[in-house]
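Chemist: Sequence:
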Amino acid sequence: MGAITPLGNDVETFWAGLVAGRSGAASISYFDATQAATQFACEVKNFDVENYLDSKEAKKADRVTHYAMAAVDEALKASKLLASECVLDEVGVIWGTAVGGVTTFEEQMLAYGRGTRFSPFFVPKISLDSTSGWIARKYGFRGMNFAIASACATSNTVLMDVFNYIRCGQAEVMVAGASEAPIAKGVMSSLNAMKGLSIRNDSPHTASRPYDFERDGFVLGEGAGAFVIESLEHAQNRGATVYAEIIGAGMSSDAYHMTATHPHGVGVSLAIQRALKSSNIQLDEVDYINAHATSTLDGDINELKAIHAVFGNHVRNINISATKSMTGHLLGAAGAIEAIACVQSIAHDCIPPTINVRQLDSQIPEGINLTLDVAMHRKVNVAMSNSFGFGGRNAVVVFKKFAG
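Quick note, the sequence shown lines up with residues 1182 to 1585 if you use our numbering.
Just so you know, the hints here were simulated from the structure itself, not pulled from any lab data.
Each hint should be verified, as a subset may be incorrect.
Claimed, not checked - FRET-style restraints, in silico, Cβ to Cβ:
1) Gly1548 to Gly1321: 48 to 58 Å
2) Ala1292 to Gly1585: 54 to 64 Å
3) Glu1238 to Leu1291: 19 to 29 Å
4) Asn1345 to Val1268: 15 to 25 Å
5) Ser1412 to Lys1258: 18 to 28 Å
This structure is a prediction, so every number in the text was calculated from the model and none was measured.
We put the beta carbon where it would ideally sit given N, CA and C, even for glycine.
Full structure from sequences and hints, please.
Modeler: What follows is the structure, encoded as structure tokens:
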């Protein structure tokens, strides 16, 4: 696995930040936001793209690709895939992003308005499918190569696709993940216009507060999460370390509203049920749910209603937490770093907390077991990751401890 996040630029630092309950939110440094409705975000810090691409190449790619290349670099080194006798012709790449090179788009359009000519790299820099090509080209991977965009459900959609391709025998090993670099004036202005972002400018580090009575919107984040995913046979043949298994996944559509979640969580319930069926596990086998919970008024509660509807009384024994309280919302890349959180939770038998909850929302269904403020150590054998996106897209992935 590989991670570039607002809490740190590798998996170990990211996980340590989650366990410590640290917020990645701070005032925006990329542009002057002093007159904006929201003046803060969860930015990636201390990142140098030239550790992964030379300066000439880096100028041809947007920040969304820069983060991806860094995360993939860590994942490949950790997996030792390139050091094994893998056949590059068989390694595929599936990569996701919700908004692609939006920073490049904004900068280029502003420059064009001032009379500057368009860059010949404009289209490839903003294209949603650009990053998967960069990854394949750098490492010589000649397997299937394509991109996925499914709003904030993008990452889990990528993981489900990889799971299905490997399970049906069309692939043996894939490099997969998602990246996002959406902290730009236009994106934030649009999200403010739809009242999606928190405006708690006096206290950025406490602004993302899923389940809190006074939550007022999400905090925008950025980064990337990368994985090397392979069939068990392929992993064992090359002596790879297996961190966890993907045992199932499920998707659904709300068929309800472009941006709002279904008030009864019908689509979410369906996705969870399909993921459980795909995993061939019982309700009482799930130990941890990394919730989508973004810190919005309706979304947080509707997801908990759906979880309660599926699990019933079993929900009391499932720890639920919202790591977006620390990382902010990485849009299409949110599920990628949250999948890493799930795998780390399994590896370390530890539940990362939801931070910043001062007063729980009274609408939270009875019996819901939220892990608040402090990480909790418990046996984690099965973890579930929820991701939902605009357009009513719901994607759920289930991970399990590898028995060996």
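Chemist: For every hint, state whether the structure bears it out.
Modeler: For each hint, the structure was consulted:
{"no.": "1", "hint": "Gly1548 to Gly1321: 48 to 58 Å", "verdict": "holds (52 Å)"}
{"no.": "2", "hint": "Ala1292 to Gly1585: 54 to 64 Å", "verdict": "holds (55 Å)"}
{"no.": "3", "hint": "Glu1238 to Leu1291: 19 to 29 Å", "verdict": "holds (24 Å)"}
{"no.": "4", "hint": "Asn1345 to Val1268: 15 to 25 Å", "verdict": "holds (21 Å)"}
{"no.": "5", "hint": "Ser1412 to Lys1258: 18 to 28 Å", "verdict": "holds (21 Å)"}
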